[in-house]
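Student: One letter stands for each residue in the lines below.
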Amino acid sequence: MSTQAPPAPTCEVHNPTEQWLRMDRIPHIWCPGCGIGSSVNCFTDALEKSKIPRDNVSIVSGIGCTGRTAGYLKLDSFHTTHGRPIAFATGLKLANPKLKVVVYSGDGDLFAIGGNHFIHAARRNMDMTVICVNNMTYGMTGGQVTPTTPLTAKATTSPYGNFEEPFNLPYLAESCGAVYVARWTSFHVRQLSKSIREALLKPGFTFIEVVAPCPTLYARRNRLGAGIDAMKYYREQSEIKNGAPTRDVALGFQSKIICGKFVDTSRPTWLEAQVQQHRAVLGDKFTLAENWEGVGEPRED
Amino acid sequence: MSDSSVMIRIGGEGGEGVISTGELLSKAASRAGHSIMTYRIFPAEIKGGLAQFQMRLSDRSIRAIATEFDHLMAFNQEALDAFHETVADGGCIYYDPSECDLEGMEIRAETIPVPLNEIAKEHGGTNRGKNMVALGFLARIAGLDLSVTRDLLTEKFRRKGEKILAVNIACLEAGYEVGAESSNGRAVLPSPPNGDGGGENGRRTIVISGNEATALGAIAAGCRYMAGYPITPASSILETMSRHLPRFGGTVVQCEDEIAALASCLGASYAGQKAMTATSGPGLMLMGELMTLASTQELPVVVIDVQRGGPSTGLPTKQEQSDLKFAIYGSAGEVPRIIVAPASVEECFHLTARAFNLAERYQLPVIVLSDTSLAFRTETIPEPDVSQIVVENRLQPTKAELVGYQRYRDTPTGVSPVAIPGTVGGIHIAGGLEHDENGSPCYTGSNHNRMNAKRFRKLETLREDFDEWVADFEIVEDAALGIIGWGSTKGAIQEAIEMAAERGIRVSHFHPRIVSPLPEKRLRRFLEESPIRKVLVVEENFTGQFSHFLKAKFDIRPVEVLKAEGVPFNPSEIFDAIVKAEADL
Ligand SMILES: Cc1ncc(C[n+]2csc(CCOP(=O)(O)OP(=O)(O)O)c2C)c(N)n1
Ligand code: SF4
Ligand SMILES: [Mg+2]
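Heads up: the sequence lines are chains U and W, in that order. Counting from 1, one number per residue, gives the positions in the first sequence under our numbering. Counting from 1001, one number per residue, gives the positions in the second sequence under our numbering.
Each hint should be verified, as a subset may be incorrect.
[Unchecked claim] The list that follows gives simulated cross-link-like pairs (lysine-lysine, BS3-like), each with its CA atoms no further than 27 Å apart:
1. U:K232 x W:K1160
2. U:K154 x W:K1160
3. W:K1521 x W:K1553
4. U:K98 x U:K285
Note that these hints are calculated values from the structure, not bench results. Here the structure is a predicted model, which is why all the values come from computation and not from measurement.
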C-alpha cells in the first residue's frame, strides 16, 4: 500500500493539475495505483478546457475515498455526509443557478445509501454533472460489497462470493431520465476528459461512470494484481461502442467493458420546467427569483 | 510498569505493516500462554498517516490497555516523534536508522538502532519484509520462543508459495538474532505458567476483538438475522456475521443504508426472528426513525452502536463515548428503550447475549453502546461456555388468549403476549400510529395516556427484575470519594483506583452495565448509604453526558472528569483527578 517517498525533484517541475489542487492538502490519501487520482486529472483537464470560470464551479462529494476529491480541489467544495451529495447539490444549484454544480463520489455513496437521491435527481433532470468513480467496492471502510460489485467477486461482506445482481449504472441513469450518459475506465484518459467537458457544458442531469481500480482492497481480495494489471485489463477488455443501448452494457466479473457515450439527448431541466409551468399558470403574478434571469428562456442546444 | 507485564508499542506509516507485525506478535504471545491486550489506532484513510499497535502481555489477566511502554519500535520518524515520550523510565526505543534522525531530539529512554529496511533487503531484495524483521526482533525482546513465531508465519504464508514463505522466515530469523543481541542483560517476561492455550483454572482461553465477541455473543443468544451497512468501527461485526451466520442457518444482508438495515430487522423480528444491526454514530442517527417505531410497535431488536468520535462524520477511527444522549433520548415522541454498555471484550460477548434476552422479554429495542476502544482491542478471555448462556424468547399467547386476541393488552407488567404472524387467531396490526389494545389506530387522550403508561411500565418491571449483573460496584470502607463510569473506561478506572490505594486514598466505584434505565436503587445505596462525600463521573466525551443524566435523577454535583481527544483514558489521568478531588475534599 505504501512505498518510500520519491526522491526530491532536482528542479521545479509542476503538474498542470496543480493549479486546481489545494497543494497544502497534498500528499493525498489515495493508494498507489488507485484509479481515483487519474479520474481527477481528467476532471481538471476538462474543467480547464471547458473555459467555465473557476469561481462559477462548485464541487460536492459524499464520504469515501472518492469523496475526498472535493477537499483536494481548489474550488468551492462541499464535503457532505455519506450518500447525500446529490441532495446538497440540488439545493446549491437551485439557490444559485449560475453555478456549475458537480457531484464527485463513489459507487457506494451514490448508489447504495444515496441511490434514492440519484434516481430522483435524474428524474427531475436537475442541472448537475454527476461523476461516479466505480471501483466496485467500499474503499474507505475496508472493502465491503457494493451495489456494483460483479457477481462472484469477493468482498469482506461477501466472503463466499457476491450473489446479488449488481446495477448496470448507465442503464439505471438512462431509465431515470439522465440526458447525458457515458462510461470510461481510468485508462481512457482522453476520452474521459472529453466526456466530462461535454457533460459540464450540457444543461440537465449528466452522468459519467468511471470504472477504476482499487488495487488495495478489491483487486487484492480477488487476486487481480496491482494497478498496472488493471490498466492491462482495461486496455485489452474494453470496447468502445458509442451509442450502445445501455441495457447491453452490464459489467461482469473481469468481463468485457463496453465504454463510450451512450446517451446525449435533451429535455427541460427542473428549473426550466418549473419556471415555464408557473409562468403559464400564474402569468403576471409569477416572480422570477432574483438570480434566475435567463432561466426558462429558449436555449440553443 | 508492573513487574508481571510487558508493554510494547509499534508505530509507523499506515500500510507499512505495523498492524500485521503487532497482530502476529500478539498471536505468538498468546500461543505461548500469555494473557494479552492489544489496541490499535490507524488513520481513517486506508493509506498513509500514523498507525500504531500496542500490546500488553502478562502472565496474569489484564484490565486496561497500556499507556506507558517498556519497548517502542519506531518504523519511521513520525512514530518516533509521536511516541518517544510514552516510553517508561528504564524502557527502550528501537528505531530504523534509515528512517529516523535522532539529532536534536531529547529522548529520555535508551535508544537502539535496528536497521529494519537494510536487513529486509539483505534477505528479500526489497524492504517489504521489514515488518517480519521487526516481528522477529520483538518476539525475542518479549522472550518468546522462535519456533512458536516461526510456526505461525508458516501457517500464514504457506498458501503464498515456498518463495514468499522462505523470505519471510529469513527476515523473521534475522530479526530474532538481532533481538538476541539487543536484549542481552535486559529483563524479559518470565515464561508463562500455562503454555499452549490452557488458561486460568484449566479453561481454554481465546484471543478476540470486541467486535468479534459482540458478533459471537449475538449468535450464542440465538440471533439468526443481521442486516447492516458498513461503517467504521462497526463493520467487522457485519463481516464476522457474514462469515459465520451461513453456517448456523442464519441470514445476513448488507443493506443499501442504515434505515433499510434496521427496517429489515424489524420485519424479521415481526416474523419472530431474533434480529440485530450494528452501526456507529452517523448510522445510529439514521436509525432514529426505526428505533422509535420499534418501541411503539413493541418489537424486540438489538442495535449495536460502536461509538466513534463525532459530531457528524467526525473522527471515524477514534475513541469517544458521545452517543449516549442520542441513544437515550433521540426519538420523535417518548419511547422506552434499554441501553447496555459493555466494559471489556468479554462483556461484549455476554452483554450482547443479554441484550437479546432483554429485547425478547420486554419487547423493545435494546441498544448496546460499545466503542472504538473495545471494537479494535483484542484480549485474551476465557472461552465462553455457550451451554451456560440462557436464551429467552418473547412471551407467546396461550390458546385462551388467542380467542379475541389483543396484541397490546394492558397488563400489570406492561408486557403483552405477542403472536407471530401465521399463528391461528393471532392476526393483528403492528403500526406506528398510536393504537389501542387491539392495535387499531386510536387518538383519544385517555388511550394515549394508557398506552404510554403500558409501554413505560415495562421499564418498571425491568427495574424490579434487576439482578446482580446490572451494575458492578464496590463500596470501599471509609472511602470519601466515589467514581461513577460507564462502558469501556472501567479497566482504566480500576487501575487508577489501585494506584490511589497505594497512596492511601480510598475510592469506591460504580459501573452500571445497564445504563438506562439506571439501576437507581443500587446507585442510591452507593451515593446515599455510603460515606462518599464527593463523586467523580468519568467519561470520554466533551459535555459530560452521563453526568447530566445522573444530575437529572440525583441531587449530586459531581466532578466531571472528561476526555474527548480520540484516545481512551490513561489510568494516570484518572488518578490525577482522584488526587485533586482528595485534596479538595
Ligand atoms: C451514515 C453513514 N454510514 C456509513 C458510513 C461509512 N462509510 C464511509 S465511506 C463509505 C463507503 C464508501 O464507498 P464508496 O462510496 O464506493 O467510495 P470509495 O471509498 O470506494 O471511493 C461508508 C460506508 C458513513 N460515513 N456514514
Ligand atoms: S482503498 Fe482503494 S479506493 Fe481507497 S485509495 Fe486505496 S486503492 Fe483507492
Ligand atoms: Mg467505491
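Student: Take the hints in turn and mark each one as holding or not.
Tutor: Going down the list of hints, with the structure as the test:
no., hint, result
1, U:K232 x W:K1160, "holds (23 Å)"
2, U:K154 x W:K1160, "holds (18 Å)"
3, W:K1521 x W:K1553, "holds (12 Å)"
4, U:K98 x U:K285, "holds (24 Å)"
The structure fails none of the hints (numbered hints given earlier).
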